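Per numbering that gives the first Met the number 0, the sequence shown starts with residue 0, numbered consecutively.
Quick caveat, the hints were computed from the structure, so don't treat them as lab data. The structure displayed is predicted, hence computed values, not measured ones. There could be a bad hint or two in this list.
[Claimed, not checked] Cut-off 30 Å, straight-line C-alpha distance, at most; resulting in silico cross-link-like pairs (DSSO-like, lysine-lysine):
#1 Lys-44 / Lys-200
#2 Lys-136 / Lys-200
#3 Lys-44 / Lys-136
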Amino acid sequence: MHPVPLRHLMPDIERRHLLALLAGLACGSKGASAASLPELIARVKRSVVAVGSYGLMDNPRFGFRAAGFAVADGLHVLTNAHVVPAETPERIDRSIAVQVWLGDGQWQLRSARLLGRDLRNDLALLAIDGPALPALKLAAQDAVEGAAIALMGFPIGNALGQVHTTHRGIVSAWTTIATPAGSPAGLNPRAVRQLRDGAFKVMQLDAIAYPGNSGGPVLDIETGEVVGVLQGGAIKGTKEAALSAPTGITYAVPASTAAALLAEHRR
């Protein structure tokens, strides 16, 4: 039995309306997908801050260290523990600080203080002053392998100017890592603690991240929620290789771990 052509089943006017409707649906779906990431970037920018130190005798006075992002009430910032400046109570001329984006290339310096650290998972929670920032939502569920994600931070810090930069990729795997020391010289307190506590679970991402991305949010492109906190990337050889020959393999601490630190210090 031969198929009956569409034009023989309905009048020309109805056929044209149907074809126009199908074409519109196809274009609409493509447009919504293409617009989702730009919309997410525009919305998230005001929540992602530059974390560093403020020193009266420093030049420049703000010393950039990493990225961070606002959570909870908008006055709490999550970042990596290893980037938070060491507290020196005897020095009143240097303190923890963040820079907040106001739009149109304008930044505002704000003071911050350390509320708590999770050294094993390389997380830190800061409290900042001033008006609340738009808070990002931490995902309640772990991201699945293959989920599309975006990273936002300040790659290479101030070397290229302090500009929000986004890289996209996928969750390529869930894995466990530990940081064994390659020599006795590498047995710093953090390495010893990780050896004692054992391996811990992280997300492996197929996305390029550079120094300056650390501490920034890993965003689920579909939901807009934070599924992880960027920790670092695999490098080949020396630290300089992170710039000259990036591996494209990046690690992030899951949002559930960050949520536990947040809950502990907001009781």
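Hint check:
Pair hint Lys-44 plus Lys-200 holds up; C-alpha atoms about 28 Å apart against a cutoff of 30 Å. Restraint check: the Cα-Cα separation between Lys-136 and Lys-200 comes to about 21 Å, which is no more than 30 Å; the hinted pair holds. For the proposed pair Lys-44 and Lys-136, the alpha carbon gap of about 14 Å is at most 30 Å, so the pair holds.
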